[in-house]
Amino acid sequence: MTPEAPFEVAESEQRGVPVLGVRGEIDVATSPELGDLLTGLITAGTELVIVDLTEVTFIDSTGLGVLVGAVGDMRARGGDLRLVVTQPQIIKLLELTGLDEVFTVMSDASDAVRS
Amino acid sequence: MTSPMSVPGSVGAHGLSRVELSLPADPQMLFLARMAAAAVATRAELSYEQVEDLRLAIDELCVALLDSRSGAGQIALLFQWDAEGTLDVVGTLVPDGDPSPSTNGKAPERTGPPLSYELSQRILDALVDDHGADAIGGVHRAWLRMRRQELSV
Chain H
1 MTPEAPFEVA
11 ESEQRGVPVL
21 GVRGEIDVAT
31 SPELGDLLTG
41 LITAGTELVI
51 VDLTEVTFID
61 STGLGVLVGA
71 VGDMRARGGD
81 LRLVVTQPQI
91 IKLLELTGLD
101 EVFTVMSDAS
111 DAVRS
Chain R
116 MTSPMSVPGS
126 VGAHGLSRVE
136 LSLPADPQML
146 FLARMAAAAV
156 ATRAELSYEQ
166 VEDLRLAIDE
176 LCVALLDSRS
186 GAGQIALLFQ
196 WDAEGTLDVV
206 GTLVPDGDPS
216 PSTNGKAPER
226 TGPPLSYELS
236 QRILDALVDD
246 HGADAIGGVH
256 RAWLRMRRQE
266 LSV
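Protein sequences, first through last, are from chains H and R. Under this note's numbering, the first sequence has 56 at position 56, and the numbering climbs by one with no breaks. To convert a position in the second sequence, counted from 1, into this note's numbering, add 115.
Calculated from the structure, these hints are not laboratory results. Any given hint could be a false lead.
Quick list of the computed label-pair ranges, beta carbon to beta carbon [as the list claims (entries may be wrong)]:
id, chain 1, residue 1, chain 2, residue 2, range
1, H, Gln89, R, Asp244, 12 to 22 Å
2, R, Thr201, H, Thr43, 45 to 55 Å
3, H, Arg75, R, Asp197, 40 to 50 Å
From the derived model, a few chain H residues whose C-beta atoms are all more than 10 Å from chain R [what the hints assert, rightly or not]:
id, residue
4, Glu11
5, Ser12
6, Gly21
7, Asp36
8, Leu37
9, Thr39
10, Thr43
11, Glu55
12, Asp73
13, Arg75
14, Ala76
15, Asp100
16, Phe103
17, Ser107
18, Ser110
19, Val113
So, partial list: chain R residues that the calculated Cβ filter (under 7 Å) puts toward chain H [stated by the list, open to error]:
id, residue
20, Gln143
21, Leu145
22, Glu167
23, Asp174
24, Val178
25, Leu234
26, Ser235
27, Arg237
28, Ile238
29, Ala241
Each residue gets a CB set at the ideal place from its N, CA and C atoms; glycine is no exception.
If we strip away everything but chain H, and leave its shape as in the complex, we get:
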């Protein structure tokens, strides 16, 4: 059985690019908090955001919906949102929903900032 990991988002910057390091489970209860943070960055005019999901143990359709909405908003403003993913279960989920074709997915936050 997988114990519930507490949901946290750590905000940092790499080379001036905001990086949201998400930890725990992104579900219908926690995805609004992530959505609010992303909306704040988008409305502040941020051009590039990295969402680091390497410490995320679970994500469902509501979490994916928040990320898809945010990347759409970013790109409409000429920006982008990139994901950092290493968990096989999340990679599988992105593939089966076709979202691996929507997002730029990297395995390392530094690479995501530089690319």
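Please arrange chain R on chain H, whose structure you already have, making use of the hints.
Chain R only, in chain H's frame:
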């Protein structure tokens, strides 16, 4: 969305294992449904990958029920599986007050974001063998079926 399958309870009781869970229809409580799903999947001898798949599928089933609620209530989950590795789960939204008006058996409309709903359907289509939802007499219900995948040597 597929046609409704046999509802557990209408299936013969021989050789069936059964677990029932009731939890508040509250987003903060869904982790309990995921934990129960993982425990049941392990008891049903599903593979590690299928355990994770069932956790996600049960979460999506519960999200569908949460989206159809109009007030406080409970989500009742019934897990039933047999020795051959067929696992059925039925989730029912049990409102605290009078149920919402009947939709005459049609799948209830979700009030959540359309994008999340579409993603949820894609996830369930990919992870389980069958799934569906309906609302009869104002009672919202969602179900899924997963069959154990035999590991190839």
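To see whether the hints hold, each was checked on the structure:
Between Gln89/H and Asp244/R the beta carbon distance is about 19 Å. The supplied range of 12 to 22 Å therefore holds. Between Thr201/R and Thr43/H the Cβ separation comes to about 49 Å, which falls inside the hinted range of 45 to 55 Å. The given range of 40 to 50 Å is respected by Arg75/H and Asp197/R, whose C-beta atoms sit roughly 48 Å from each other. Listed as outside the interface, Glu11/H is consistent with that label: its C-beta sits roughly 23 Å from the nearest C-beta of chain R, beyond the 10 Å cut-off.
At roughly 27 Å from the closest C-beta of chain R, the C-beta of Ser12/H stays outside 10 Å, upholding its exclusion from the interface. No beta-carbon of chain R comes within 10 Å of the beta-carbon of Gly21/H; the shortest separation is about 21 Å. Against chain R, the non-interface label of Asp36/H holds: every CB pair exceeds 10 Å, the least being about 15 Å. Distance to chain R confirms Leu37/H as a non-interface residue, since its nearest Cβ pair spans about 17 Å, more than 10 Å.
With a closest Cβ-Cβ approach of about 14 Å to chain R, Thr39/H is found to remain outside the 10 Å limit, as its non-interface label requires. No Cβ of chain R comes within 10 Å of the Cβ of Thr43/H; the nearest lies about 19 Å off, and the non-interface call holds. Look at Glu55/H: its CB is around 17 Å from the nearest CB on chain R, clear of 10 Å, so calling it non-interface holds up. Listed as a non-interface residue, Asp73/H keeps its Cβ farther than 10 Å from every Cβ of chain R; the least gap is roughly 12 Å.
Separation of Arg75/H from chain R is adequate, the least Cβ-Cβ distance of about 15 Å exceeding the 10 Å criterion. Chain R leaves Ala76/H outside its interface by the beta-carbon criterion, the shortest separation being 15 Å against a cut-off of 10 Å. For Asp100/H, the non-interface assignment is confirmed: its Cβ lies about 13 Å from the closest Cβ of chain R, beyond the 10 Å cut-off. Listed as outside the interface, Phe103/H is consistent with that label: its C-beta sits roughly 13 Å from the nearest C-beta of chain R, beyond the 10 Å cut-off.
With a closest Cβ-Cβ approach of about 20 Å to chain R, Ser107/H is found to remain outside the 10 Å limit, as its non-interface label requires. Listed as a non-interface residue, Ser110/H keeps its Cβ farther than 10 Å from every Cβ of chain R; the least gap is roughly 28 Å. Every Cβ of chain R is farther than 10 Å from the Cβ of Val113/H; the closest lies at roughly 27 Å, confirming the non-interface assignment. A distance limit of 7 Å between C-beta atoms decides the matter here; for Gln143/R the minimum to chain H is near 5 Å, and the interface restraint holds.
Hint status for Leu145/R: holds, given a least beta-carbon distance of 6 Å to chain H, under 7 Å. Hint on Glu167/R holds. Least Cβ distance to chain H is approximately 5 Å, under the 7 Å limit. Interface hint status for Asp174/R: upheld, as the beta-carbon distance to the closest one in chain H is roughly 5 Å, under 7 Å. Evaluation of the Val178/R hint against chain H yields a held restraint, the C-beta minimum of about 5 Å falling below 7 Å.
With a cut of 7 Å, the hint placing Leu234/R at the interface with chain H holds, because the nearest CB-to-CB distance is about 4 Å. Interface hint status for Ser235/R: upheld, as the beta-carbon distance to the closest one in chain H is roughly 4 Å, under 7 Å. With 7 Å as the threshold, the beta carbon of Arg237/R comes within range of chain H, its nearest partner Cβ sitting at about 5 Å, so the hint holds. A hinted interface residue such as Ile238/R counts as satisfied when its beta carbon comes closer than 7 Å to some beta carbon of chain H; here the least separation is about 6 Å, so the hint holds.
Evaluation of the Ala241/R hint against chain H yields a held restraint, the C-beta minimum of about 4 Å falling below 7 Å.
Violated hints for the displayed structure: none, as all numbered hints are satisfied.
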